[in-house]
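J.: From just these sequences and the hints, can you work out the full model?
Letter by letter, the chains look like this.
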Amino acid sequence: MFTAAAAAILITMFLALVRLFAGPTLYDRVLAVNTFGTKTVLLIGVMGFLTERPEFLDIALLYALINFISTIAILKFFRYRALGDAPDRKHRTDAWKRLSIS
Amino acid sequence: MIDIVLLTFLALTALAIVRLRHLFAVVMLTGVYSLLSAGLFVLLDAVDVAFIEAAVGAGISTVLMLGTLALTSRREKVPGRIPVLPLIVVLITGAALLYGTLDMPRFGDAGAPIHRHVAPRYIHDSGTEIGVPNIVTSVLASYRGFDTLGELTVIFTAGIGILLLLGGTGGRRRKDEEMEEEG
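Line by line, the protein sequences are chains A and B.
Under my numbering, the first residue of the first sequence carries the number 101, and numbering increases by one thereafter.
Under my numbering, the first residue of the second sequence carries the number 32, and numbering increases by one thereafter.
To be clear, the hints were calculated from the coordinates, so they are not data collected in a lab.
These numbers were taken from a predicted model, which means no experiment stands behind them.
Check each hint, because a few of them may be wrong.
As the list claims (entries may be wrong) - Derived lysine to any residue pairs resembling SDA-like cross-links, with alpha carbons at most 25 Å apart:
#1 Lys176(A) x Ser92(B)
#2 Lys176(A) x Gly98(B)
#3 Lys176(A) x Phe82(B)
#4 Lys176(A) x Leu197(B)
#5 Lys176(A) x Thr61(B)
#6 Lys176(A) x Gly88(B)
#7 Lys108(B) x Arg119(A)
#8 Lys176(A) x Ile193(B)
#9 Lys176(A) x Thr103(B)
#10 Lys176(A) x Ile83(B)
#11 Lys176(A) x Glu107(B)
#12 Lys176(A) x Ser104(B)
#13 Lys176(A) x Leu95(B)
#14 Lys176(A) x Ala86(B)
#15 Lys108(B) x Phe121(A)
#16 Lys176(A) x Leu102(B)
#17 Lys108(B) x Leu126(A)
#18 Lys176(A) x Leu195(B)
#19 Lys176(A) x His53(B)
#20 Lys176(A) x Ile91(B)
#21 Lys108(B) x Pro124(A)
#22 Lys176(A) x Thr99(B)
#23 Lys108(B) x Phe177(A)
#24 Lys108(B) x Phe178(A)
#25 Lys176(A) x Leu54(B)
#26 Lys176(A) x Val57(B)
#27 Lys108(B) x Gly123(A)
#28 Lys176(A) x Met96(B)
#29 Lys176(A) x Tyr64(B)
To be verified - Which bits of chain B does chain A cover? Going by a derived footprint, with three or more residues having C-beta under 8 Å, they are:
#30 42-52
#31 58-68
#32 82-88
To be verified - Listed next, with one range per pair, are the computed distances between beta-carbon atoms:
#33 Pro110(B) x Phe149(A): 42 to 50 Å
#34 Pro117(B) x Phe149(A): 38 to 46 Å
#35 Glu152(A) x Asn165(B): 19 to 27 Å
#36 Asp134(B) x Arg153(A): 28 to 36 Å
#37 Ile172(A) x Arg137(B): 39 to 47 Å
#38 Met101(A) x Val109(B): 42 to 50 Å
#39 Ile172(A) x Pro110(B): 30 to 38 Å
#40 Gly190(B) x Ala122(A): 34 to 42 Å
Quick reminder that beta carbons are idealized off the backbone N, C-alpha and C, glycines included.
T.: Below, the structure is given as structure tokens:
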């Protein structure tokens, strides 16, 4: 059963890769990377059960956290065109205005 | 079986990184490349290496490259001609590295030199010599304590350097903005 799950996850990874190679817009690619990270987490978890050492599940959870942080960084880059300093109040209100308009 | 599929994905990703001219997609693909290598490291039971690869390769270096993209252009310039000499050098180096792997012991061979040198002593005596239940911890913190101290010094120095570099520009920029608002 775990073998079938691993095969299904690998196929999903392949589909995400296809979307990543082809993806016409940037958001397709961001979503594909995020999906790919999630599939890596799942694959590590399934591999732990496949080799009968489910302790790897903790590491899979940490991967999920890292994936989340890098997605947030990418989206922050899209919004503010810069990383590092927190945007000041003026920029933030601009962003909120844009958000409510769009 | 899984490792063959993952290696195929890795090769496909590397080819796509070379072929694509859209640099944002290339940054995304390098993140995927790191995730795939991390999966392979987990398959090889090097969980700690895999974790560093995922944190640094997929996390921090993606962010750093995005920051670089914000400063430069988003498209790669198409090179005019195919660089022949670097291709030959890379092919020769790759062939030499492959030749070097030929007389390595097989993967997982219990009779390999690395498993017969100091590993038996660590396994048999570390419990009485060091008294820490985890063998890896006793190797890192006691048998190779100075090595670990050196590594930590290097990482600490690098961290201080990066903090100085990033913190310096941030402070100056904030001061400039304050002056703009006043003036």
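J.: Hint by hint, say whether it matches the structure.
T.: Outcome of the hint check:
With a C-alpha separation of about 15 Å, the suggested pairing of Lys176(A) with Ser92(B) holds against the 25 Å cut-off. Note on Lys176(A) and Gly98(B): the hinted pairing holds, with a Cα-Cα distance of about 11 Å set against a maximum of 25 Å. Distance hint between Lys176(A) and Phe82(B) is fulfilled; the C-alpha atoms sit about 24 Å from each other, no more than 25 Å. Pair hint Lys176(A) plus Leu197(B) holds up; C-alpha atoms about 18 Å apart against a cutoff of 25 Å.
Between Lys176(A) and Thr61(B), the direct Cα distance comes to roughly 19 Å. Compliance with the 25 Å bound is thereby established for this hinted pair. Of the pairs offered as hints, the one joining Lys176(A) and Gly88(B) holds, with about 19 Å between alpha carbons and a cut-off of 25 Å not exceeded. Using a Cα cut-off of 25 Å, the hinted pair Lys108(B) and Arg119(A) holds, with the two alpha carbons roughly 24 Å apart. Note on Lys176(A) and Ile193(B): the hinted pairing holds, with a Cα-Cα distance of about 21 Å set against a maximum of 25 Å.
About 18 Å separates the Cα atoms of Lys176(A) and Thr103(B), which keeps this hinted pair within 25 Å; it holds. With a C-alpha separation of about 23 Å, the suggested pairing of Lys176(A) with Ile83(B) holds against the 25 Å cut-off. Note on Lys176(A) and Glu107(B): the hinted pairing holds, with a Cα-Cα distance of about 23 Å set against a maximum of 25 Å. Only pairs whose Cα atoms come within 25 Å are accepted, and Lys176(A) paired with Ser104(B) is accepted, the gap being roughly 18 Å.
Restraint check for Lys176(A) and Leu95(B): satisfied, since their Cα atoms lie roughly 13 Å apart, inside the 25 Å limit. A hinted pair counts as satisfied when its Cα atoms are at most 25 Å apart, and Lys176(A) with Ala86(B) qualifies at roughly 18 Å. Between Lys108(B) and Phe121(A) the alpha-carbon distance is near 19 Å, which keeps this suggested pair within the 25 Å criterion. Of the pairs offered as hints, the one joining Lys176(A) and Leu102(B) holds, with about 15 Å between alpha carbons and a cut-off of 25 Å not exceeded.
Only pairs whose Cα atoms come within 25 Å are accepted, and Lys108(B) paired with Leu126(A) is accepted, the gap being roughly 19 Å. Between Lys176(A) and Leu195(B) the alpha-carbon distance is near 23 Å, which keeps this suggested pair within the 25 Å criterion. Distance check on the hinted pair: Lys176(A) and His53(B) sit about 20 Å apart at the alpha-carbon level, within 25 Å; holds. For the hint linking Lys176(A) to Ile91(B), the alpha-carbon distance of about 14 Å falls within 25 Å, and the restraint holds.
A threshold of 25 Å between alpha carbons decides the hint, and for Lys108(B) with Pro124(A) the separation of about 20 Å falls inside it, so the pair holds. This hinted pair checks out: Lys176(A) and Thr99(B) have alpha carbons roughly 14 Å apart, not beyond 25 Å. Distance restraint check for Lys108(B) and Phe177(A): the Cα-Cα separation of roughly 23 Å lies within the 25 Å cut-off, and the hinted pair is therefore satisfied. About 23 Å separates the Cα atoms of Lys108(B) and Phe178(A), which keeps this hinted pair within 25 Å; it holds.
Between Lys176(A) and Leu54(B) the alpha-carbon distance is near 18 Å, which keeps this suggested pair within the 25 Å criterion. Distance restraint check for Lys176(A) and Val57(B): the Cα-Cα separation of roughly 18 Å lies within the 25 Å cut-off, and the hinted pair is therefore satisfied. With a C-alpha separation of about 21 Å, the suggested pairing of Lys108(B) with Gly123(A) holds against the 25 Å cut-off. With a CA separation close to 14 Å, the supplied pair Lys176(A) and Met96(B) stays within the 25 Å bound.
Of the pairs offered as hints, the one joining Lys176(A) and Tyr64(B) holds, with about 22 Å between alpha carbons and a cut-off of 25 Å not exceeded. Check result for the region 42-52 of chain B against chain A: holds, 4 residues qualifying (beta carbon to beta carbon below 8 Å, three or more required). With 6 residues having a Cβ less than 8 Å from any Cβ of chain A, the region 58-68 of chain B passes the three-residue criterion, so the hint holds. Only residues whose C-beta sits within less than 8 Å of a C-beta in chain A count toward coverage, and the region 82-88 of chain B has 3 of them, enough to reach three; the restraint holds.
With their beta carbons about 47 Å apart, Pro110(B) and Phe149(A) fall inside the hinted range of 42 to 50 Å. Here the CB-CB span from Pro117(B) to Phe149(A) is close to 45 Å, well matched to the stated 38 to 46 Å. At roughly 21 Å, the beta carbons of Glu152(A) and Asn165(B) sit within the given window of 19 to 27 Å. About 32 Å separates the C-beta atoms of Asp134(B) and Arg153(A), a value consistent with the hinted range of 28 to 36 Å.
Range check, Ile172(A) to Arg137(B): Cβ separation about 43 Å, and the 39 to 47 Å hint holds. The hint said 42 to 50 Å for the Cβ distance between Met101(A) and Val109(B), and at roughly 49 Å that hint holds. The supplied range of 30 to 38 Å is met by Ile172(A) and Pro110(B), whose beta-carbon atoms lie about 35 Å from each other. In this structure the supplied range 34 to 42 Å holds for Gly190(B) paired with Ala122(A), their Cβ-Cβ distance being about 39 Å.
Of the hints listed earlier, there is not a single one the structure fails to meet.
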